[in-house]
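2 protein chains.
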Amino acid sequence: MTERLVVVGGDAGGMAAASQARKLRGPQDLEIIALERGEFTSYSACGIPYWVGDQVTNGPDSLVARDPRTFREKYAVDVRLHHRVTSFDLSAGLLAMSDDATGAELALRFDHLVIGTGAAPVRPPWFTEAIEDEVSGVHFAQTLPQGAGLRDEVAGLPGGRAVVCGGGYIGVEIADALHRRGLQVTVVSRSPELMSSLDADIAVELRTAMEKVGITVLTGTSAAGLTSADGHVTGVMLADGSELPADLVVLGLGVRPRSSLAAASGLELGPSGGIRTDEQLRVRRAGQVLPNVYAAGDCTEVWHRVLERPVHLPLGTHANKQSRVAGITIGGGQATFAGAIGTAITGFWADGVEVEVGRTGLSCRELTAEGRPYVQATIHGTAASGYMPAAPSVTCRLVADPTTGAILGGQLIGGHGVAKRIDVVSVAVWHHLTAADLVDADLGYCPPLSPTWDPIQIAARKLLTQLG
Amino acid sequence: MTERLVVVGGDAGGMAAASQARKLRGPQDLEIIALERGEFTSYSACGIPYWVGDQVTNGPDSLVARDPRTFREKYAVDVRLHHRVTSFDLSAGLLAMSDDATGAELALRFDHLVIGTGAAPVRPPWFTEAIEDEVSGVHFAQTLPQGAGLRDEVAGLPGGRAVVCGGGYIGVEIADALHRRGLQVTVVSRSPELMSSLDADIAVELRTAMEKVGITVLTGTSAAGLTSADGHVTGVMLADGSELPADLVVLGLGVRPRSSLAAASGLELGPSGGIRTDEQLRVRRAGQVLPNVYAAGDCTEVWHRVLERPVHLPLGTHANKQSRVAGITIGGGQATFAGAIGTAITGFWADGVEVEVGRTGLSCRELTAEGRPYVQATIHGTAASGYMPAAPSVTCRLVADPTTGAILGGQLIGGHGVAKRIDVVSVAVWHHLTAADLVDADLGYCPPLSPTWDPIQIAARKLLTQLG
Chain L
1 MTERLVVVGG DAGGMAAASQ ARKLRGPQDL EIIALERGEF TSYSACGIPY
51 WVGDQVTNGP DSLVARDPRT FREKYAVDVR LHHRVTSFDL SAGLLAMSDD
101 ATGAELALRF DHLVIGTGAA PVRPPWFTEA IEDEVSGVHF AQTLPQGAGL
151 RDEVAGLPGG RAVVCGGGYI GVEIADALHR RGLQVTVVSR SPELMSSLDA
201 DIAVELRTAM EKVGITVLTG TSAAGLTSAD GHVTGVMLAD GSELPADLVV
251 LGLGVRPRSS LAAASGLELG PSGGIRTDEQ LRVRRAGQVL PNVYAAGDCT
301 EVWHRVLERP VHLPLGTHAN KQSRVAGITI GGGQATFAGA IGTAITGFWA
351 DGVEVEVGRT GLSCRELTAE GRPYVQATIH GTAASGYMPA APSVTCRLVA
401 DPTTGAILGG QLIGGHGVAK RIDVVSVAVW HHLTAADLVD ADLGYCPPLS
451 PTWDPIQIAA RKLLTQLG
Chain V
1 MTERLVVVGG DAGGMAAASQ ARKLRGPQDL EIIALERGEF TSYSACGIPY
51 WVGDQVTNGP DSLVARDPRT FREKYAVDVR LHHRVTSFDL SAGLLAMSDD
101 ATGAELALRF DHLVIGTGAA PVRPPWFTEA IEDEVSGVHF AQTLPQGAGL
151 RDEVAGLPGG RAVVCGGGYI GVEIADALHR RGLQVTVVSR SPELMSSLDA
201 DIAVELRTAM EKVGITVLTG TSAAGLTSAD GHVTGVMLAD GSELPADLVV
251 LGLGVRPRSS LAAASGLELG PSGGIRTDEQ LRVRRAGQVL PNVYAAGDCT
301 EVWHRVLERP VHLPLGTHAN KQSRVAGITI GGGQATFAGA IGTAITGFWA
351 DGVEVEVGRT GLSCRELTAE GRPYVQATIH GTAASGYMPA APSVTCRLVA
401 DPTTGAILGG QLIGGHGVAK RIDVVSVAVW HHLTAADLVD ADLGYCPPLS
451 PTWDPIQIAA RKLLTQLG
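In the order they appear, the protein sequences are chains L and V.
Under full-length UniProt numbering, the first residue of the first sequence is numbered 1, with each subsequent residue one higher.
Under full-length UniProt numbering, the first residue of the second sequence is numbered 1, with each subsequent residue one higher.
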């Protein structure tokens, strides 16, 4: 008898499960239906800043990894766009949905369910939906339609004033994009420094680079309201009562799991609101794992291997891995999702300024907040041999457990090519390697590409001397 | 009583031991004398191609990491230039040397000895020292004086014809340099493809890039002799009897350990001629470890952790690590040299063509030669998200043990920033991680820097399906 898999949400969290399950089970064995509220499937939200910044020119199509037609024709997935799920009856294997195109309310039976509802951008309390309806010029940059709207407005505002609320990854990347498009950009960050996932003394180099090209960076403050005239935003009011004039505002304050339907069905959520799952991405209700209901992607919490607890880490890498594991499990295969350790990279490239950032594991700030002891070493060097004229600068911080010497985290900031080098530290953190292991490592050396001692190894040597 | 450390050879193999020992023991406790045949200390031989290619302009000084004055003044190391050691009496703790400046023959007592005599470029049988004296225009590129000589001659040969004998790292890098300087370059390689440390089907991309800018690449053949007129080279005769006209010839045929003095002292050598050491870099004689005699750098063999035997891997990274361990040991500290796994990176960058190469562990070719079974997966992708206009291409091959799934090696070839990514594979090989571990890894993702699934992980996924 043909079973039915229903996937809720047409992006990474759901669709990788659909395609993976299809690889293992043919259409006669497994019917797959995917329900998507919008009109796109499997697109790169992370690519939106580069589309807004005109680096990606053939958007939104090029940001779509697999469109509905591809899913239908190549994967035999019945993709239903503009379908919004309104409730789950998990015990009965039923869900209710509305077809926004026709207004019809429908029920759908499932044998397997994958919840991939993603995350919604954080909406500050002063930006109510009512204000959103009345005041134009305020944007999120999370979905393709939002990206398109932002992009269109930017095109009509050459030389205009933009305020980006939020100094994290999205805030920095959107500031880069708006600066490229010729706007006067101010970034407002509540944290003492941009990128609070880095230690503040590391992140300051990013601020310096952004200020160098003329971006204003305001830290330790936040937006508290808007001013507007004739239905368009004219400024942002800050917490201290001052006002920033603005022709355009982008809200990049992070995202929260979209888990209200899951919560209403009694599924276990974490403190972040993310759905809790086991290693096969099966959800829990009343302490029991539901054997046929999965959740994956930004609507879930992810096991953090260094913190040793689940946290919300909304990132396409985890969504894809989780979804793949859910799909393999539904397909009858064996796979586990082993968690994450908070690796993240980004950069600022406008006007030929190049600053790349990478981080993994825990920062000093996070370890302090956890009350965990640590030893850290920080070095400033070059990412290529120092005598090469274009050798990019690099700052590397490694943090270790003072008892075991195990690397708990790392941060890199510097010029071209620096960010991805964090991957070595990531593998070290994951596998409990020590500073001594990093000193021993056989890393690549070639003068234009790396000094004889890789900067990570120089930091590891310094760490070794401090570990005694 | 003050002990005396004598270091033979003023480059990485010896001098890192000198500075490391000095950090742990002051001049009252340990006198350090360094003997160097030439006039430079601690310089980057690997940087010579970039100096020849005019990318490094302030050479040779900028290629010297620490000059004799620095060693004398900051490290209290008695550096004696133009001193050539002629024999060791290891039982008596004595060596004989000649001061080439004065012609004096001297004896020197030591309590600790570090042999860091390096390696000598391979000299083809037809290029005798007699011919070298008679025929100008034929160069090695291993020492600073050789680099200076090559550089001077290149300056007088705009548009001239250069033949580079050898298609390995040095051959490729020198070809890049000579092409930048406006010469018509031909590379002659005995192997079926350039860079025999890569599998041939991977390395072909490098040949394509070099041919694209007008370099001629001849593989599967080798030089068998020279032609000359008026004491200057006019051509290279190939093994098949054909002749390549040449105004300049560079010999980049690899290097052999300089170990004749060590051999004459009865020290244990490997089949490569490299000196055998233990993990503290102490040498062996008649099956016994000599507790006070060390060897480090290109004159030694290095423990290869995948081959599980010592091999000759002349590379600055190992020399520095070995020498550091010898210095710590002499200084009374604890350290071990854990070996290497054959990581190497390079690139070809002339005329805006960018091809970077990275390899680690064993190639398919090497595994076949070893008679070891393997499974391999090769993928072609992009090093950034595919929709980014400048996304560099990348080919990634991973090789694993079919029984354990442990990664045995990896190769990367592609555009900008690709080579250093081999470091993740290197750490994986070193720590016996599996293809599944690489799929699980939390690697950095940001559209301009990496796709959601890192190419290494895409290859690991493919490998997993083949491992079954």
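Hints in this document: simulated from the structure, not taken from any laboratory.
Please read all numbers here as calculations on a predicted model, not as lab measurements.
Careful, some of the hints might be misleading.
Since the list can't tell identical chains apart, any single copy or any two copies may satisfy a pair.
[Claimed, not checked] Below, computed lysine-lysine pairings styled on PhoX-like, alpha-carbon distance capped at 25 Å:
hint : residue 1 : residue 2
1    : 212       : 74
2    : 74        : 462
3    : 462       : 23
4    : 23        : 212
5    : 212       : 462
Verification of the hints:
{"no.": "1", "hint": "212 to 74", "verdict": "neither (49 Å within a copy, 38 Å between copies)"}
{"no.": "2", "hint": "74 to 462", "verdict": "between (53 Å within a copy, 19 Å between copies)"}
{"no.": "3", "hint": "462 to 23", "verdict": "between (49 Å within a copy, 13 Å between copies)"}
{"no.": "4", "hint": "23 to 212", "verdict": "neither (50 Å within a copy, 40 Å between copies)"}
{"no.": "5", "hint": "212 to 462", "verdict": "neither (31 Å within a copy, 44 Å between copies)"}
Violated hints, in rising order: 1, 4, 5; the structure is consistent with all others.
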